[in-house]
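Going line by line, the protein sequences match chains A and B. Residues in the first sequence are numbered consecutively from 1, following our numbering. Residues in the second sequence are numbered consecutively from 1, following our numbering.
Simulated from the structure, these hints should not be mistaken for lab results. The model shown is predicted, which means the values in this text are computed figures rather than measured ones. Don't take every hint at face value.
The calculated label-pair distances, taken between Cβ atoms and stated as ranges, are [claimed, not checked]:
no. : chain 1 : residue 1 : chain 2 : residue 2 : range
1   : A       : H257      : B       : T68       : 28 to 36 Å
2   : B       : G36       : A       : R45       : 51 to 59 Å
3   : B       : G36       : A       : E96       : 48 to 56 Å
4   : B       : R226      : A       : E252      : 36 to 44 Å
5   : A       : H155      : B       : G36       : 39 to 47 Å
6   : A       : H257      : B       : T32       : 31 to 39 Å
7   : A       : Q238      : B       : R205      : 47 to 55 Å
8   : A       : G28       : B       : R205      : 58 to 66 Å
9   : A       : Q256      : B       : P242      : 54 to 62 Å
10  : B       : R205      : A       : A104      : 28 to 36 Å
11  : B       : G36       : A       : R64       : 45 to 53 Å
12  : A       : R156      : B       : A246      : 41 to 49 Å
13  : A       : P224      : B       : F77       : 43 to 51 Å
No more than 20 Å apart at the CA atoms, straight line, and that leaves these computed lysine to aspartate or glutamate pairs for DMTMM-like [said to hold, decoys possible]:
no. : chain 1 : residue 1 : chain 2 : residue 2
14  : A       : K270      : A       : E121
15  : B       : K247      : A       : E121
16  : A       : K242      : B       : E119
Where is the CB? At the ideal position from N, CA and C, for every residue including glycine.
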Amino acid sequence: MAFLNFLQPKNALEEGGRTAAPIHEDAGEPEKTCPNCHKPIPLSRLWANHLVCPCGYHFRMKARQRIAMAADKGTFRELFSELRSGNPLEFPGYGEKLDTVRSASGEAEAVVCGTAAIGGEACCLFVMEPYFMMGSMGSAVGEKLTRLFEYALEHRLPVVGYAVSGGARMQEGLLSLMQMAKTSAAVKRHSDAGLLYIAVLTDPTTGGVTASFAMEADILLAEPGATIGFAGARVIEQTTRKTLPKEFQKAEFVLQHGFIDSIAPRSGQKALLTRLLRLHKGG
Amino acid sequence: MDQIPYAVVKLARDNMRPTGLDYIGHIFKDFTELHGDRRFGDDPAIVGGVAWLGDTPVTVIAIEKGHTAKERSFRNFGAPNPEGYRKALRLMKQAEKFGRPVVCFIDTSGACCGIGAEERGQGQAIAENLMEMSTLCVPVVSILVGEGGSGGALALAVADRVWMLENAVYSVISPEGCASILWKDAKQAETAAASLKLTAKDALRFGVIERILPEKDMGKQPFYDRIAAALKTELDALSRDPDLIAKRYARFRGLGAVEESK
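Build out the structure end to end from the sequences listed, making use of the hints.
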C-alpha cells in the first residue's frame, strides 16, 4: 500500500496542524482575513477568542464587547449615558456626522463609563469606542471621564480604563482641547487621594488622548501591536522626510523606550487586572 | 470690522511679532536663564528662568521661535520637544518650592513632531504637565502671544488666568491640518480657520481665556509696560487667594458644551 503514503502526514507538525484546524469544520461560515498572517479566520472562532487571531493579531473591539470581556458577568452599571456632545462651533457637517455615527455605532458618544466588578473587585470602568469617530475626545467624552474620576474619588474606587483614540475631536475646536486639561485635573485629584488608576492602551491611542488621561495612569498596559503615540506616523514622515522604523510607535517600541509598564495580550488581561486590583486593595 | 480668521492666523505667525525673549527682556528685570530638564537635555524652543516683575521674584517660561532664519532653526521654530516641557515643569516645581508665581508666554505651531520626540514620550511629557499644573500651589498666568497650537500650547496653559493678544490664535489643530484631514485639501485652510473658531474673541466667548490684550504699539515699550502692569495686578490678587487650586480646577471643569438627553 505504499502508493497511499502520500496521504499520510509527512511530519508531526503537519499532523498537528491538521488536527488543530480541520479544514472542513467551518466551511460556509463567514470569515475575516487577518491583516497580519493573511489567513482567513472563521468569525465564530475569532469571537470565541476575544477577537484575537491564532497568530496573535488583536482585532479592533467595540466598547461593549470589551466590557463583556473585562467585567464580571452582570456587574456593569453604566453611568452618565445621557451625556452627548452638541455642536458648539456649528462646525460644517458635524451635526450630520454625529447623527450618522450614532446610528451606525449604536453609541451616543465615544466612551462608555460605569461601575463594575473585575474578578470580584469593585472599580470604575471606562472603555472608549473605536467605532465612534475613532474614539475622538470632544466635550462629552471629557465630561463623562471627568465625572467618572470624580465618582471614583467620592466612592474611593480604583479606575480601570481602556483607551482607543485618534485624539481630540477637531470639530469641537478649543473646547475639545480643554478636555485634555479637564480630565487631567480630575485624574490628579483621584491620584492625590491615593487611589489606583490602570489604563490599557489599545490600537490606536494617539494625539490629545495620549497627551492627557491615557498616559496618566499609575500602571500603563498596552495590547500587543497597538499604535501608541502623540503625532501621527504619516505626519512625522511628511514633516521629517525620514522613513520610520517598522516598529515605530508600536506597543513593543513604547515599552522599550520606557513609557508603558507591560504588554498585556487580551487572553490574560482580566487575570492581570484582577491581580493588580487585589494587590492595591491589600496595600 | 473684524478680520477674516485666516488673516489673523497669518498675523499670529508673522516672524516680525515679538517672541518669547522680547517679552522677557522688556517686562522683567535681571532675568537669569536656567537650562535643562535634568533628564535628557536642554530644549532651545523653551526658555525658562527667574526674574523680577517689579519687586516680585517670578519664574518665567517662554516658548521662543526666534526672528532670523538662523535663530528660528536653532529654536526649532518654537516646536518644543519633551525635554522642553520637562524643563518647564521642573522650573514650575522650583517656583512652587520658593513660593513665587509663574508667568508663561506661549507661541508655538505645536509640539515637535518627530521621531526623537516620540521616542522620548512627547505625549507623556505634555500629559504630566497638564496633571501637575492643575495642582501647582503658586499662581500661574499664561499669555498666548502668537500661535497657540494644540496640546503643545496647552502644556504651558493650565493656568489661573489665560490671556491672549488681540491677534493670537488658539486652536486644537492648525487650519491646514484640519482642512487636509476633513476635506483632503490643505488649500481649504481659510474655511477651516473660520470653522475652528480660533481667534481671541472666540476663545473669550467660550470662556477659555479671561482677557484679550490689545496690540497697540506692539513691540514698543508702552506695549510691554501695559502687560507688565496687568501681570502685577493679577499676580498680586492671585497670591492672596486661599482657594487658588480649587478655583483652577473649577475653571477647567466648567469648559465644554454637553447636552443631556434621554
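- [ ] Determine whether the Cβ-Cβ distance between G28 of chain A and R205 of chain B falls within the hinted range of 58 to 66 Å.
- [x] Holds - the Cβ-Cβ distance for G28 of chain A and R205 of chain B, about 60 Å, lies within 58 to 66 Å.
Open item on the list: A range of 28 to 36 Å was offered for this pair. Does it hold for the Cβ distance of H257 of chain A and T68 of chain B?
Closed with: Since the Cβ atoms of H257 of chain A and T68 of chain B sit about 34 Å apart, the hinted range of 28 to 36 Å holds.
Task: Supplied distance hint 39 to 47 Å, evaluated on CB atoms of H155 of chain A and G36 of chain B - done: Because 42 Å falls inside the window, the suggested range holds.
Task: 31 to 39 Å as the expected CB spacing between T32 of chain B and H257 of chain A, which holds or is violated - done: holds (33 Å)
Open item on the list: If I claimed the Cβ atoms of G36 of chain B and R64 of chain A lie 45 to 53 Å apart, would that claim hold in this structure?
Closed with: Given range 45 to 53 Å: holds, Cβ gap about 48 Å.
Open item on the list: Range first: 47 to 55 Å. Now tell me if the beta carbons of Q238 of chain A and R205 of chain B are that far apart.
Closed with: violated (34 Å)
Task: Supplied distance hint 41 to 49 Å, evaluated on CB atoms of R156 of chain A and A246 of chain B - done: Hint violated: Cβ distance 20 Å, outside 41 to 49 Å.
Task: Beta-carbon spacing of P224 of chain A to F77 of chain B - inside the hinted bounds 43 to 51 Å or not - done: Given range 43 to 51 Å: violated, Cβ gap about 36 Å.
Open item on the list: Quick check on a hinted range of 36 to 44 Å for R226 of chain B and E252 of chain A, using CB atoms only.
Closed with: Violated: the Cβ-Cβ distance is about 53 Å, outside 36 to 44 Å.
Task: Q256 of chain A versus P242 of chain B beta-carbon gap, inside 54 to 62 Å or not - done: Because 46 Å falls outside the window, the suggested range is violated.
Open item on the list: Check whether the Cα positions of K270 of chain A and E121 of chain A lie no farther apart than 20 Å.
Closed with: Answer holds: K270 of chain A to E121 of chain A is near 11 Å, not above 20 Å.
TODO: Given the range 48 to 56 Å, decide if the beta-carbon distance of G36 of chain B to E96 of chain A lies inside it.
DONE: Cβ of G36 of chain B to Cβ of E96 of chain A: about 50 Å, so the range 48 to 56 Å holds.
In terms of the numbered hints stated before, the structure departs from hints 4, 7, 9, 12, 13, 15, listed from lowest to highest.
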